[in-house]
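Student: Given next are the chains, with one letter for each unit.
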Amino acid sequence: MITQEVCTVVSNRQIADSIYAMVLSGNITDAMDQPGQFVHVKVADGLDPLLRRPISIASINKEDRSFMIVYRKQGKGTSLLAEKQSGMTVDVLGPLGNGFPAAEVKPGQTAILIGGGVGVPPMYELAKQLARNGVKVISVIGFQSEGAVFFEQELARFGAVYVTTADGTYGRKGFVTDILGDLGTTADFVFACGPTPMLRAIENGQYGAKTYLSLEERMGCGIGACFACVCHTKEDPKGFSYKKVCSDGPVFQAGEVVI
Amino acid sequence: MITQEVCTVVSNRQIADSIYAMVLSGNITDAMDQPGQFVHVKVADGLDPLLRRPISIASINKEDRSFMIVYRKQGKGTSLLAEKQSGMTVDVLGPLGNGFPAAEVKPGQTAILIGGGVGVPPMYELAKQLARNGVKVISVIGFQSEGAVFFEQELARFGAVYVTTADGTYGRKGFVTDILGDLGTTADFVFACGPTPMLRAIENGQYGAKTYLSLEERMGCGIGACFACVCHTKEDPKGFSYKKVCSDGPVFQAGEVVI
Amino acid sequence: MSSLSIRLPGLNLKNPVMPASGCFGFGREFSQLYDLSLLGAIMVKATTPEPRFGNPTPRVAETPGGMLNAIGLQNPGLEKVYHEELPWLEQFDVPIIANIAGSTEDDYVKVAEQLSKAPNVHALELNISCPNVKTGGIAFGTDPEMARTLTKKVKEVSDVPVYVKLSPNVSDIVKIAKAVEDGGADGLTMINTLLGMRIDLMTGQPILANKTGGLSGPSVKPVAIRMIYEVSQYVSIPIIGMGGIQSAEDVIEFFLAGASAAAVGTQNFVDPFVCPKIIDELPELVTRLGADHISELTGRSWKKHERLAYYRP
Amino acid sequence: MSSLSIRLPGLNLKNPVMPASGCFGFGREFSQLYDLSLLGAIMVKATTPEPRFGNPTPRVAETPGGMLNAIGLQNPGLEKVYHEELPWLEQFDVPIIANIAGSTEDDYVKVAEQLSKAPNVHALELNISCPNVKTGGIAFGTDPEMARTLTKKVKEVSDVPVYVKLSPNVSDIVKIAKAVEDGGADGLTMINTLLGMRIDLMTGQPILANKTGGLSGPSVKPVAIRMIYEVSQYVSIPIIGMGGIQSAEDVIEFFLAGASAAAVGTQNFVDPFVCPKIIDELPELVTRLGADHISELTGRSWKKHERLAYYRP
Ligand SMILES: Cc1cc2nc3c(=O)[nH]c(=O)nc-3n(C[C@H](O)[C@H](O)[C@H](O)COP(=O)(O)OP(=O)(O)OC[C@H]3O[C@@H](n4cnc5c(N)ncnc54)[C@H](O)[C@@H]3O)c2cc1C
Ligand SMILES: Cc1cc2nc3c(=O)[nH]c(=O)nc-3n(C[C@H](O)[C@H](O)[C@H](O)COP(=O)(O)OP(=O)(O)OC[C@H]3O[C@@H](n4cnc5c(N)ncnc54)[C@H](O)[C@@H]3O)c2cc1C
Ligand SMILES: Cc1cc2nc3c(=O)[nH]c(=O)nc-3n(C[C@H](O)[C@H](O)[C@H](O)COP(=O)(O)O)c2cc1C
Ligand SMILES: Cc1cc2nc3c(=O)[nH]c(=O)nc-3n(C[C@H](O)[C@H](O)[C@H](O)COP(=O)(O)O)c2cc1C
Ligand code: FES
Ligand code: FES
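Residue numbers (our numbering), protein chains in the order written: chain A, 183 to 441; chain B, 183 to 441; chain C, 39 to 351; chain D, 39 to 351.
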């Protein structure tokens, strides 16, 4: 069930260069389940900025009814978000979209989780849920440079973690696909979230039996009503069949849509 | 000298129904002198609201470099102003315009100060300065009803104070002009600020040898550049000669401009 | 009788508040959030004869106090709208206003003829003002003669009253309005979006793949109010007003300008519950303004009338 | 050579940033705040043959992300501008662009002829787009033929290059732009304000005494960008862009769209120091965008070119 709620900021702290982790509390967490779903956030009352901002749910804590989002301070919206202090409020619409099908993975199977930059956050909740189910989790996360790295320790709690940086200042120099080529494991599932070129490379690389990718697109409504965020389906790449990233996705199986 | 300064809120408290007094500190007070001048205030960063708001300077404290404004919470701008807490900042442009010529009044002369609603605030600094110079100050202040009354005590420190309310719930029922008619004093100076109908009645009533009126008009720039706030001069009421309320006023001598 | 019920050609509305076309799909998504029967009406997404995918993405961009969109009339096509979307909407007690679009006159006529036969379609909205398609759309909306002829042709085939949606991207909005009135329009809806653009400094290129897009949201409200104020004094058909509405106060401003009902577009994205919220707040506001019925407020800004009772926010 | 100096017909500018006409008076007030010689140029308030008082007040109203004004071309008249205001401005090292207005062709010609002889007037700006006067103004700006003829007549008498200021309240801005280019215009300035209105719920009446007014400020920026993007591709004379500029980033967006210089209007009221601030910030931003000179950015959004260097905010 999609709800709108004015949530309270529990904490909001910088965890890497320009990267912030905000914990919010509210009953909206009751409806949160799937890793990879997102919330649509109104960062300020009034006109400035006007539209909501889509941000992935990074982790869910059902007991104390809180959830975490992790975001890069970038434009006006995320800059205002970064200024919020605990006790302040944020208007949240969610949970939105369809996330990663964590329940499809059987205990004992292997899942590779791939995150690039601010594609890493949803992997945290996903890793938690998979590990809880006895899935073998391998995380491969890529960043620009050392200062931008986050969630290495957090993900290490659930399995092996490989880190790449584009400039080689931390972990392996290069991209997540460089690691994937060398891993040698054939995973049962690959789950990825990150920049489009990364997702394309993963789709082409076929690193697992089944691959799920989380897409990004500029959004209006976030709930499927405005047609801002559509993509073509693979079976009809020039035609008029389509999927909406916000409500059919953001997570799609590789081969389902044109990315 | 007009300056722009991000001033710090020292305090901001409600003093009557919808009426707030805010004390701001900043070096801008060094340039403040004349009672009846105003500041042009940007209540929020960004677009919402976009324009500055003109608010009279209610009192100036040169020693601790602070000044007070008193405003009615009304639309979006003043509502946001009312939410400011001490330690927060407000972008102030000022001091602007020409105020009441307090220095013209000789020690021993009598001045009647007339304020209506949010026209009362500038009378506070004016009363202070006049009383300091040995002028006999009589204040006549009018409000809608009891809950809206403010600054009675403050003004009483400098001379007699008469209060009217339109609904008779406090002081004398009626308008400030009802008091003026009965006062019997012929003042050397009359100074007034308030709604236009009140100013017109005071101009016509000729309650003193010299009368000065503070006008209100919707403003753009506040400094005389945009021609938003002009009024006709009395000597050429239909012609093209004009005065700008923001930079020639807001205080004009009765008879100078068409009100 | 409620102070909000409104009768317009073809439309018997419990209240004058409805979502604007393109901002509410065919209602399915919002039906998860609240009961659509609360709404005065629903203006559904534009329908063309064939299904359309629309423009490439990005299709939306934010602007100061507004947004640009270049959806490009994506829709599932006439058959699917007629046989699936509209029947699905029959479960709600709410009249549908079907938004009609196309590239040629024949397109409009075809869609109008069929959709006007759907039992829950109580009016058509002729979209001659979409700025985001290469052919048709806005071309019909900027040429008075084309607008008149198209209105006439659609009127001939439609079983329900026809409202024409005007584009604000014109030198003389009154001229277009009079042309479509002359063509037989039963009402007007206005305004559609203003043509705009945003350029990304990062890439040096327009943010929208379509380059230009339609500007909507609070930033366009003064333009909408001005146009409705002008047009309502020169035509005798009713106007459904839209453009930047965020609140019950905004709805009233549109009525004062000359509108007889109001539609909410962009704000549905900002606050998905905005329509029911406004419907809730309107009665008290109407009373506070000293009116017994909201329709008394239509055109008050230019009609000779007693002054409104003092307004206390 | 600085990365900001710009040469345009008649104008040899140290930088491409100038206050827009009507938002800076004749410079006297802002000269109390900073040295006017810092500015690229100054577009002074519109001048008509006779002094004008303009419209009754209220003349301004705030809107979401913008403002309406209906000053109505108040100005001290040609004689006073020529003999007092312009000579006073000679103390600053800054070229003046004189904004010309009137009710008839003869008015324009008369003002243009005389003002173009002032030593510090380096260009004229023909205001055929003022929405706030009953006669003249916008009428010239919405009819291509009238615009062309007027431009031609003014060109004949002017000693300095003539820029024509376009109104955005038209169906086809390119048509008007081409007409004035054809009439001999040396450059364009765009955009003037969009016609808008706000109604006060309290009174039920328009807030502006003039009822309608011109919309300016950030809310109109996407419309300005779109129009400059279109026009710059179809004319070969330079464009001075304006409409909602608040920052150095905004100035760059106007350049990318196709402008060769930029003017700041409304933001002078919000932040009276905005022009010198932008001038300060521009060089670094130009460098960050991988350009050696700001003029390389003109029209980048539509010219074939290498991609800009990556932008890091
Ligand atoms: C499903 C989904 C999940 C996301 N999860 C995260 C996350 O967990 N952490 C994170 O840091 N970022 C995430 N993003 C990207 C995030 O939405 C943008 O970084 C953010 O909207 C930028 O807002 P801004 O105001 O700072 O930037 P601005 O550039 O000022 O934003 C202007 C407009 O563009 C839109 N926009 C800008 N960049 C993007 C983008 N990359 N994707 C979609 N819209 C964009 C904004 O929403 C806004 O409408 C996600 C995006 C999507 C679609
Ligand atoms: C010289 C001068 C001195 C003033 N001093 C005081 C004072 O000391 N205390 C006080 O409470 N008020 C004072 N006012 C009135 C005050 O400026 C308005 O109440 C305030 O601008 C309202 O802003 P808002 O955002 O709350 O209202 P909104 O109605 O949302 O404002 C919308 C726009 O209208 C303008 N506006 C609205 N009402 C007025 C008004 N009465 N006069 C001028 N502009 C207006 C606003 O500035 C803004 O641009 C003064 C006005 C002037 C001209
Ligand atoms: C994303 C989006 C899609 C739209 N699609 C349509 C459409 O299909 N048909 C139409 O007539 N208007 C369409 N419009 C215009 C709106 O119906 C409305 O006229 C306009 O947005 C102004 O109202 P607003 O400011 O409240 O959004 C669309 C607007 C938006 C924002
Ligand atoms: C108060 C005010 C007065 C204006 N007066 C004039 C004028 O006299 N002549 C003119 O050509 N434009 C005039 N304009 C239009 C501006 O020069 C500018 O084109 C417009 O405001 C858009 O820019 P902005 O959004 O930066 O304000 C005026 C604008 C404002 C806000
Ligand atoms: S964002 Fe509106 S349909 Fe996806
Ligand atoms: S407010 Fe601009 S001249 Fe007075």
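Think of the hints as simulated: they come from the structure by calculation, not from any bench. Glycine included, C-beta positions come from ideal geometry on N, C-alpha and C. Hints are not guaranteed to be accurate.
Listed below are the simulated PhoX-like cross-link pairs for lysine-lysine, each with C-alpha atoms no more than 20 Å apart in a straight line [unchecked claim]:
(1) D:LYS213 - C:LYS213
(2) B:LYS266 - A:LYS266
(3) B:LYS425 - D:LYS118
(4) D:LYS118 - B:LYS224
(5) A:LYS224 - C:LYS315
Stretch by stretch, here's where chain A covers chain C in the computed footprint (C-beta under 8 Å, at least three residues) [stated by the list, open to error]:
(6) 144–153
(7) 204–216
(8) 265–274
(9) 306–316
Calculated Cβ distances over 12 Å to all of chain C for the following chain A residues [unchecked claim]:
(10) VAL205
(11) LYS258
(12) ASP273
(13) PRO289
(14) GLY341
(15) GLY353
(16) GLU399
(17) LYS426
Student: Can we trust that A:GLY353 is non-interface, i.e. its beta-carbon lies farther than 12 Å from all of chain C?
Tutor: holds, 27 Å
Student: Given the hinted pair D:LYS118 and B:LYS224, is their alpha-carbon gap at most 20 Å?
Tutor: violated, 34 Å
Student: Next pair to validate is D:LYS213 with C:LYS213; report whether the Cα-Cα distance is within 20 Å.
Tutor: Holds, because 19 Å separates the two Cα atoms, which is no more than 20 Å.
Student: Quick one: see if chain A covers the segment 204–216 of chain C, three-plus residues with Cβ-Cβ under 8 Å.
Tutor: Our answer is that it is violated, as 0 residues pass the Cβ test (under 8 Å) against chain A, missing three.
Student: Should the label of A:LYS426 as a non-interface residue stand, given a Cβ cut-off of 12 Å to chain C?
Tutor: Answer for A:LYS426: violated, closest chain C Cβ roughly 9 Å.
Student: Mind checking, does the segment 144–153 of chain C have 3 or more residues with a CB under 8 Å from chain A?
Tutor: violated (count 0)
Student: Does the claim that A:GLU399 lies outside the interface with chain C hold up, using a Cβ gap greater than 12 Å?
Tutor: violated, 6 Å
Student: Decide, holds or violated, for the assertion that all CB atoms of chain C are farther than 12 Å from the CB of A:VAL205.
Tutor: holds, 24 Å
Student: Do at least three Cβ atoms from the segment 265–274 of chain C come closer than 8 Å to Cβ atoms of chain A?
Tutor: Three-residue rule not met by the segment 265–274 of chain C, so violated; n is 0.
Student: Just checking, A:LYS258 versus chain C, shortest CB gap more than 12 Å?
Tutor: Label violated. Min Cβ-Cβ 8 Å, cutoff 12 Å.
Student: What's the verdict on A:LYS224 and C:LYS315, does the C-alpha distance respect the 20 Å limit or exceed it?
Tutor: holds, 17 Å
Student: Is the straight-line distance between the alpha-carbon of B:LYS266 and that of A:LYS266 20 Å or less?
Tutor: holds, 16 Å
The structure does not agree with the numbered hints 4, 6, 7, 8, 11, 12, 16, 17 stated previously, though it agrees with the rest.
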